[in-house]
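Note that the sequence shown ends on residue 182 in the numbering used here; no numbers are left out.
By construction, these hints were calculated from the structure, which means they are not laboratory data.
Fair warning: there could be bad hints in the mix.
Have a look at the derived ranges for each label pair, beta carbon to beta carbon [to be verified]: (1) Gly170 / Ile93: 37 to 47 Å; (2) Thr33 / Pro121: 39 to 49 Å; (3) Asn54 / Ala118: 19 to 29 Å; (4) Asn54 / Ala112: 18 to 28 Å; (5) Leu123 / Arg58: 47 to 57 Å; (6) Ala181 / Glu27: 16 to 26 Å; (7) Leu123 / Val72: 42 to 52 Å; (8) Val162 / Ala88: 29 to 39 Å; (9) Leu26 / Ile93: 32 to 42 Å; (10) Val32 / Leu89: 29 to 39 Å; (11) Ala107 / Val32: 39 to 49 Å; (12) Ala16 / Gly76: 46 to 56 Å.
The beta carbon of each residue, even a glycine, is placed where N, CA and C say it ideally should be.
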Amino acid sequence: AGLLVDAGVEHARLVELESLDEVTTIALMDDEDWDWTRELNRIVNRGRRYPELEVLLPNPDLVYPIGDEVRLAAGALGALLGEILPRAPRSFGKPEAAIFARAFELARAELPDLAPGEVLMIGDTLTTDVLGAARFGLATALVLSGNTTAALVEREVERAGVRPDHLLAGIAP
10 AGLLVDAGVE HARLVELESL DEVTTIALMD DEDWDWTREL NRIVNRGRRY
60 PELEVLLPNP DLVYPIGDEV RLAAGALGAL LGEILPRAPR SFGKPEAAIF
110 ARAFELARAE LPDLAPGEVL MIGDTLTTDV LGAARFGLAT ALVLSGNTTA
160 ALVEREVERA GVRPDHLLAG IAP
């Protein structure tokens, strides 16, 4: 959200708008503190009236961990909208290459001889963190204390079609 604000993009929270009639682009950046049913219905109906509606999805994670449980994330809402709207949401966060390319570019500015395989991506989600890093050629480590737990790791590896280079029980100080 901060990058859009810094870039001068005109924006408003959906819940602050009485009507979406003027809205051409919606970014699903937050999944808390709003009435999903009401706002998703408004987005769907705006998309029916304006088929060019662009839905941006900076983070396609389907869930995020809260203690020992998970909650639906913006990616789950984007997946639902992708089944209904004329245009599928456009994802530009992990696992898309651009985010890894930018991070690697910044790292190479400091370490010009750095090779992708010398960088370790540590994440808690196979389908975004590990998949994107593996596609980019980075070494990968999956933390089993987040979205993917030890009990679910084999099922998730099969589903995601990617196996991390390393498994970590957690990250502790």
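Hints, one by one, checked against the model:
1. Gly170 / Ile93: 37 to 47 Å: violated (26 Å)
2. Thr33 / Pro121: 39 to 49 Å: holds (41 Å)
3. Asn54 / Ala118: 19 to 29 Å: Hint violated: Cβ distance 46 Å, outside 19 to 29 Å.
4. Asn54 / Ala112: 18 to 28 Å: This hint is violated: roughly 38 Å between Cβ atoms.
5. Leu123 / Arg58: 47 to 57 Å: holds (49 Å)
6. Ala181 / Glu27: 16 to 26 Å: Once the Cβ atoms are compared, 48 Å apart, the range 16 to 26 Å for Glu27 and Ala181 is violated.
7. Leu123 / Val72: 42 to 52 Å: Given about 32 Å between the Cβ atoms, the range is violated.
8. Val162 / Ala88: 29 to 39 Å: violated (22 Å)
9. Leu26 / Ile93: 32 to 42 Å: violated (20 Å)
10. Val32 / Leu89: 29 to 39 Å: Roughly 18 Å apart at Cβ, these two residues miss the hinted range, so it is violated.
11. Ala107 / Val32: 39 to 49 Å: violated (25 Å)
12. Ala16 / Gly76: 46 to 56 Å: This hint is violated: roughly 35 Å between Cβ atoms.
Hint compliance for this structure: hints 1, 3, 4, 6, 7, 8, 9, 10, 11, 12 are broken, all remaining hints hold.
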